[in-house]
Amino acid sequence: MSGEIIGTYATAIFLLIGAGFVAVGVIGLLKFNDPMTRLHAPTKVGTVGIGALLVASIIHSYTLGDSSYHELLILAFLFVTAPISANFIAKVNIHLGTCETPPQPDRDDTWATLETPDEEIAKS
Amino acid sequence: MARAYQWLLPHPFLTLLLAIVWILLQNEFSAGMAVFGIILGIIIPRMTSIWWPDTPNSFRLRKMASYSLIVMWDIVVANIQVAWIVLSVPNSKLKPAWVVVPLDLVQPEAITMLAGTITLTPGTVSADLSDKGHSLLVHVLHTDDPDSVVEEIKTRYEARLKEIFA
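Heads up: the sequence lines are chains A and B, in that order. Using full-length UniProt numbering, the letters of the first sequence correspond one by one to residues 1 to 124. Using full-length UniProt numbering, the letters of the second sequence correspond one by one to residues 1 to 166.
If you are wondering where the hints come from, they were derived from the structure by calculation, not from laboratory data. Computed from a predicted structure; not experimentally measured. Hints are not guaranteed to be accurate.
Unchecked claim - Here are the simulated DSS-like pairs of lysine-lysine, each with C-alpha atoms no more than 27 Å apart in a straight line:
#1 B:93 with B:162
#2 A:31 with B:93
#3 B:132 with B:162
#4 A:31 with B:162
#5 B:63 with A:91
#6 A:91 with A:31
To be verified - Selected chain B positions facing chain A (in silico; Cβ < 8 Å):
#7 24
#8 33
#9 34
#10 36
#11 105
#12 106
#13 108
#14 134
#15 137
#16 149
#17 150
We treat Cβ as the ideally placed atom computed from N, Cα and C, and that holds for glycine.
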C-alpha cells in the first residue's frame with residue numbers, strides 16, 4: 001500500500017505548510033503596530049495558508065478513495081472575496097485617519113471614498 | 001441565428017463558469033450533471049441580465065489562463081517574502097508606503113481584476129480608486145523604492161490585462 005503511505009505523507013506536509021503560513025499571519029497581526037500594515041499579514045499569508053490546508057484535504061480524500069473537489073470551489077470563492085474585505089478595511093482606515101494620509105491622485109481630484117457629494121445633490 | 005444566440009447566451013463565459021461550478025458543487029461528473037449545469041448556466045444569466053448590461057467586448061480565455069498561472073506563482077513566491085518580512089524585519093525598520101498607480105485600463109472588469117490581483121499578491125493592498133477612475137491607491141508593506149513597485153504592477157499585471165480585455 002505504498003500509494004496510501006505517499007498520500008498520508010503528502011497530506012501531512014501540506015498541513016504543516018498551511019499551518020505554518022497561518023501561524024505567520026497571526027504573528028504579523030500581533031506584531032505590527034499600525035492598522036494598515038496589520039492588514040497585510042492576515043489577508044495575504046492567509047491565501048497560501050488556507051490554500052495549502054485545502055490541498056491537504058483534497059489529497060486526503062483521494063487516499064481514502066472518496067475523491068472530493070469542493071475545496072477548489074472554496075479556494076475560488078476565497079480568492080474572489082478576500083480582496084473586497086481588505087478593500088473595505090483599508091477605506092475605514094483612511095476615514096478614521098489611523099494611517100498616514102494617502103497622497104493625492106495624479107490625474108483626478110480625489111479618491112472615491114473621500115469624495116463629498118455635490119451640495120445641490122445633497123440638498124435635493 | 002446570431003440574435004437567437006445573443007438571446008440564449010448573453011454571457012457565454014458566465015454560462016460555462018456556472019456549469020463548472022454546478023458540477024464541482026455536485027462533486028460528480030456525469031452527462032446528466034453537465035446538462036443540468038448548462039441549463040442553469042443559461043437560465044441564471046438570463047434572469048440576472050439586468051445587472052449585466054454590458055459584455056466586455058473581447059475576452060481572451062487563453063491569455064487569461066496564463067495570467068492566472070502567473071498570479072498563482074506570484075502569490076506563492078510573494079507569500080514567502082512577506083512571511084520573511086513578518087518574521088525578520090523589526091517594526092522600527094519597516095517602511096510602509098502609499099503608492100499611486102496611474103491606470104491605462106478603462107474597462108471596469110479589468111480594473112476590478114487588477115485591484116484584486118494587487119490585493120492577493122502579498123505585500124500590496126489596493127485601497128481605493130480615484131473619483132474618475134484614472135488612478136489606483138495601493139498600500140505597500142515594505143519597500144525602499146516605491147517607483148519600482150508601480151513599474152512592476154504596470155508591466156507585470158496591467159500590460160497583460162490590457163491584452164486580455166483588448
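Results of checking the hints against the structure:
1. B:93 with B:162: Not satisfied, since the Cα-Cα distance of roughly 36 Å exceeds 27 Å.
2. A:31 with B:93: It holds: about 13 Å lies between the C-alpha atoms, which stays within 27 Å.
3. B:132 with B:162: holds, 19 Å
4. A:31 with B:162: violated, 38 Å
5. B:63 with A:91: Given pair residue 63 (chain B), residue 91 (chain A) is violated - Cα atoms ~32 Å apart, limit 27 Å.
6. A:91 with A:31: Distance of about 22 Å is within 27 Å: holds.
7. 24: holds, 5 Å
8. 33: Check failed: Cβ of residue 33 (chain B) comes no nearer than 12 Å to chain A, outside 8 Å.
9. 34: violated, 14 Å
10. 36: violated, 17 Å
11. 105: violated, 13 Å
12. 106: violated, 13 Å
13. 108: Hint violated; residue 108 (chain B) Cβ to chain A Cβ min 13 Å, cut 8 Å.
14. 134: This interface hint holds because 4 Å falls under the 8 Å limit.
15. 137: holds, 5 Å
16. 149: violated, 13 Å
17. 150: Nearest chain A Cβ about 11 Å off; hint violated.
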